[in-house]
Structure formats: C-alpha cells, structure tokens
Amino acid sequence: PSCAEGGVLGILPGMIGVMQATETVKLILGIGEPLVGRLLRYDALEMRFREYKVRRNPECPVCGDHPTQTGLIDYQQFCGVPAHDNPVEVAGDITPKEVKEKFDRGDNFLLLDVREPHEFQIGRIAGSTLIPIGELPKRVSELASAEEIVAHCKSGVRSAKAVDFLKQSGFKKVRNMKGGILAWSEQVDPRVPKY
Numbered sequence: 001p002s003c004a005e006g007g008v009l010g011i012l013p014g015m016i017g018v019m020q021a022t023e024t025v026k027l028i029l030g031i032g033e034p035l036v037g038r039l040l041r042y043d044a045l046e047m048r049f050r051e052y053k054v055r056r057n058p059e060c061p062v063c064g065d066h067p068t069q070t071g072l073i074d075y076q077q078f079c080g081v082p083a084h085d086n087p088v089e090v091a092g093d094i095t096p097k098e099v100k101e102k103f104d105r106g107d108n109f110l111l112l113d114v115r116e117p118h119e120f121q122i123g124r125i126a127g128s129t130l131i132p133i134g135e136l137p138k139r140v141s142e143l144a145s146a147e148e149i150v151a152h153c154k155s156g157v158r159s160a161k162a163v164d165f166l167k168q169s170g171f172k173k174v175r176n177m178k179g180g181i182l183a184w185s186e187q188v189d190p191r192v193p194k195y
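Residue 195 is where the sequence shown ends in my numbering, and the numbering goes up by one at each step.
For the record, the hints were derived by calculation from the structure and aren't laboratory data.
Hints may contain errors.
Across the chosen pairs, the derived CB separations fall in these ranges [said to hold, decoys possible]:
#1 Glu148 <-> Phe49: 47 to 55 Å
#2 Glu186 <-> Ser145: 25 to 33 Å
#3 Lys167 <-> Gln69: 25 to 33 Å
#4 Thr129 <-> Leu45: 27 to 35 Å
#5 Thr95 <-> Pro58: 51 to 59 Å
#6 Asp189 <-> Ala21: 31 to 39 Å
Computed from a prediction, not measured in an experiment: that's the story for all the values here.
Think of the CB as a built atom: it goes at the ideal place given N, C-alpha and C, for glycine as much as any other residue.
Using the sequences provided together with the hints, build the complete structure.
What follows is the structure in structure tokens.
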C-alpha cells in the first residue's frame, strides 16, 4: 500500500523534510559539513541517528562511470506496488453514492466516523457519529442498538479495521465506506473539504 493507504507516523515526514531543508541550505550557502557521501539513518521510535559512510560504486546504473538509468523511473513499478485503475472490492464495502442513496431512502443505519476529533472538525458528513478508532473498544456498547453500521474514515483504511473489529465483536450488518470522506467529497458532496 502507499503511505496514504498504509499510514505514516505523522511527524516522520516533517522530521526528514527539516533535515533535507537544512542540508539544502548548507549546500547553497557553502557552510557546515553536508551529508555528501554519507547516509543518515533516523529511527523515530528509538530517537536515534546513525551515520554510514557510502563509497561511490563505479558500476552504479545511476551515478557510475557509465550510467544506464538517465531518466525518471516508474515509482510504483520500482517499489513493487502495482497500480490499479479499479481497486479490488473488499466484501462489505459500500460506495459513497450508495451511502447517499441509503440516506435519501431514509434507511435505518448508523454512519460511524472513526477519524480523530480534529479531522471531524475539518469536515464531516451530516448525520455521522464520531467514535475515534482508538476509543472504539471501550465505546462499542454505544453501538449496540444500531441495526446496520457503515463505517468511514479519511480514505477507508481505519474504517476497514473498525469493520473487522465490529464483526469480531458480534455485529452482523457492518460495512466500510470505500474511499472514506475523500471519496464522499469527490463523488457526493464537494462542499466537504479534502485534507
């Protein structure tokens, strides 16, 4: 999965970005000792840095004596992640348009938003109930009266986990809104902000 689908420790890109910006400024101004020829490893969970010296490989296809890779690469192919125009449907998925149709028909269901409160403040689907995924195990009893639950998050990853948890907790009619609130904004209501 991509970082958007699989998730990233939120501060990590910021930390790496600040370090890259610092290196850029050092190179432009010609000050300090840049990381040229060295590799810096950052372990955010242990808050440790480790530095490795890297020797130039004359056989390198990018920077060697006779480079063969001179253009941009296909990033998805390089990472081994196939691109799909039509992602595989997961059993229990429901599209945002189908959720809108359920609202329009007056179907009896609970739209469960498992995002964080700050995300809910940015944008929400009218009629949804917020229970962040981290609070779901201790608040699951609040959902006992729901005949059917449709869970959603930002892009569909957290809500898929919530659906799995709810099914394991004995709920029978639980579905995941495919693509989350981002898909809702694209397919149903563009007034809901994307973030």
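- Task: Hint by hint, work out which the structure violates, then give me just those numbers in ascending order.
- Result: 3
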